[in-house]
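Participant: Which chain is which? The protein sequence lines are A and B, in order.
Okay, so the first sequence: first residue is 1 according to the numbering used here, each after it adds one.
Okay, so the second sequence: first residue is 1 according to the numbering used here, each after it adds one.
Hints were generated in silico from the structure; no laboratory data involved.
Listed next, the in silico DSS-like pairs over lysine-lysine satisfying Cα-Cα at most 27 Å (straight line):
1. Lys178(A) x Lys37(A)
2. Lys338(A) x Lys324(B)
3. Lys360(B) x Lys178(A)
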Amino acid sequence: MASRKEGTGSTAASSGSTTGAVGKGKGKGGPGDSAVKQVQIDGLVVLKIIKHYQEEGQGTEVVQGVLLGLVVEDRLEITNCFPFPQHTEDDAEFDEVQYQMEMMRSLRHVNIDHLHVGWYQSTYYGSFVTRALLDSQFSYQHAIEESVVLIYDPIKTAQGSLSLKAYRLTPKLMEVCKEKDFSPEALKKANITFEHMFEEVPIVIKNSHLINVLMWELEKKSAVADKHELLSLASSNHLGKNLQLLMDRVDEMSQDIVKYNTYMRNTSKQQQQKHQQRRQQENMQRQSRGEPPLPEEDLSKLFKPPQAPARMDSLLIAGQINTYCQNIKEFTAQNLGKLFMAQALQEYNN
Amino acid sequence: MATPAVPAGSPPATPAPAPTPAVVPAPASAPAPAPAPAPAPAPAAAPAPPAAPADPAAAAAPPAAPGQTPASAPGPAQTSAPSLPGPALPGPFPGGRVVRLHPVILASIVDSYERRNEGAARVIGTLLGTVDKHSVEVTNCFSVPHNESEDEVAVDMEFAKNMYELHKKVSPNELILGWYATGHDITEHSVLIHEYYSREAPNPIHLTVDTSLQNGRMGIKAYVSTLMGVPGRTMGVMFTPLTVKYAYYDTERIGVDLIMKTCFSPNRVIGLSSDLQQVGGASARIQDALSTVLQYAEDVLSGKVSADNTVGRFLMSLVNQVPKIVPDDFETMLNSNINDLLMVTYLANLTQSQIALNEKLVNL
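Using the sequences and the hints given, assemble the complete structure.
Facilitator: Here it is in structure tokens:
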């Protein structure tokens with residue numbers, strides 16, 4: 001049953017009741033399961049996101065916005081969205097929270113769902129696994145359990161097919177973020193690998209009947225020529241850029257690995273134990289000579305254990321590399337298909 | 001459709017009051033079939049560049065004349081609201097006669113219609129966009145709460161102003177262009193609302209989206225208001241239609257194509273396809289197009305359809321698109337491309353296994 005939220009802007013209250021409803025609805029979902037199995041998006045939201053990027057987001061700037069909708073059992077329905085202004089230099093007076101509150105209050109007057117269910121962001125060639133995203137998604141997911149982040153890839157979309165993905169943080173990663181403890185021991189304990197950081201939620205697009213009517217109208221009236229970019233063979237530029245980004249990340253990763261290696265080496269080379277042994281020997285000698293033993297110096301002051309390198313960043317880098325690789329593989333699969341088709345055409349010609 | 005100048009020049013002398021429902025629905029309603037096709041060809045010329053609207057306008061001007069004469073027939077039963085003072089509507093229409101709509105506007109309008117309050121027959125809202133020399137491009141909109149009853153209409157302009165401010169923060173280039181309403185009629189209240197909006201924008205556009213699906217179509221029309229009447233006496237206001245064209249960004253086109261697929265699915269739900277499915281879908285579309293072309297060619301050959309030289313030329317250029325390359329050269333090109341792709345796939349897989357290995361090592 002649809003759990004329409006009549007709450008005000010306070011997300012805490014709605015999150016409480018939301019989890020309650022979800023618990024009732026599912027019953028058998030354990031604590032490790034994710035609350036959202038599918039994301040259902042209205043056609044309107046897709047068009048709005050596309051338009052927002054097209055108008056405001058040229059270049060490598062990311063555009064962001066808020067998603068509104070409701071939760072139905074284990075499905076997250078996104079029914080509307082509104083864009084967020086980009087950060088400019090003169091935004092000293094600009095209050096994001098106030099903007100959001102005003103927007104939601106106004107939208108409520110016209111009966112648009114005012115429950116925050118997530119946010120969207122555009123991405124440049126698929127590079128979205130950053131600390132900022134992690135933090136934002138964590139705060140969203142902490143407040144509202146079912147929230148997702150929609151990643152819209154405009155360049156891939158321009159190549160022929162809509163690229164929209166929904167991600168959530170896995171429960172394991174949520175735990176770690178809650179502790180705010182990103183040291184290597186904590187991460188090892190939680191047993192998180194880069195594959196288990198984000199989980200992708202399948203998306204479906206749904207339209208109401210009236211919108212379908214509208215679509216038919218549009219199709220009849222605006223016979224814009226179908227652009228077949230998807231079948232274009234000239235896509236090496238795109239591949240080149242992807243590989244470039246991948247190489248950059250791999251470089252960062254290798255730097256990280258070098259740092260880690262140095263750390264390991266330093267730990268093992270620690271002279272600490274040797275020094276302790278020498279001290280003890282000297283003390284014994286002094287005792288035998290009747291002199292007072294040297295005070296046990298604070299060893300920790302002499303030999304500071306080397307700092308364990310932060311593991312979170314390397315996890316993020318690994319996750320990003322993974323995303324790039326997947327994108328590349330998908331891309332090459334498509335291109336191979338196209339090449340074989342071209343071959344078939346050519347053979348027929350000869 | 002008819003330019004604003006035309007009705008002023010050759011008007012039926014009766015100062016038909018503004019809401020003239022007859023002028024507007026005459027093209028839409030059944031009893032006047034002649035004007036009815038006129039709106040259809042005008043927007044169908046959409047692919048032509050905006051400079052071309054002169055032609056559809058000229059073609060549609062004659063049908064506008066019979067549209068105007070029925071105006072005098074229903075008679076000026078409503079003499080109340082309409083006589084507005086002249087200076088409220090300055091100058092000729094600033095952007096020319098073409099209104100270019102983005103699909104996101106229409107989807108927004110339909111969505112706000114679906115979410116209307118109980119008892120409200122229609123919804124209204126503001127249109128935002130940009131004006132340039134040849135046309136007006138409407139790129140955004142938001143709905144405005146309003147109350148309408150038999151004798152009065154109240155629009156929450158405060159709300160409209162606030163929303164506009166908020167929207168401006170995101171897109172500072174958008175201006176208020178006019179307003180929209182659902183429903184297929186222009187009522188008296190429309191005049192009042194139009195007057196409210198003319199305070200916000202010079203010469204606002206009025207857009208109607210027929211969500212009541214009269215005639216089985218969702219009619220989308222745009223109007224601008226013009227003064228009419230005998231000069232010196234009380235002036236009336238008439239809504240003159242404008243050409244509506246649809247503008248798409250490339251990515252919007254792709255988005256709309258995808259969303260349109262829900263029309264064909266039983267529960268109106270589609271998932272996003274991936275990888276080769278997309279290529280398969282695109283090639284299926286080309287296959288359909290090719291079979292249409294083949295059908296045409298066969299019809300011409302069997303004499304059913306007369307041959308058209310332009311189409312023939314297109315067909316010839318189509319067939320010649322497949323380049324004639326020496327087979328060996330083609331083999332070499334094909335193989336080198338395939339090798340590149342395979343190598344990249346291999347590298348990607350290698351990288352992935354590398355980072356997985358790294359994870360395991362670090363966690364030892």
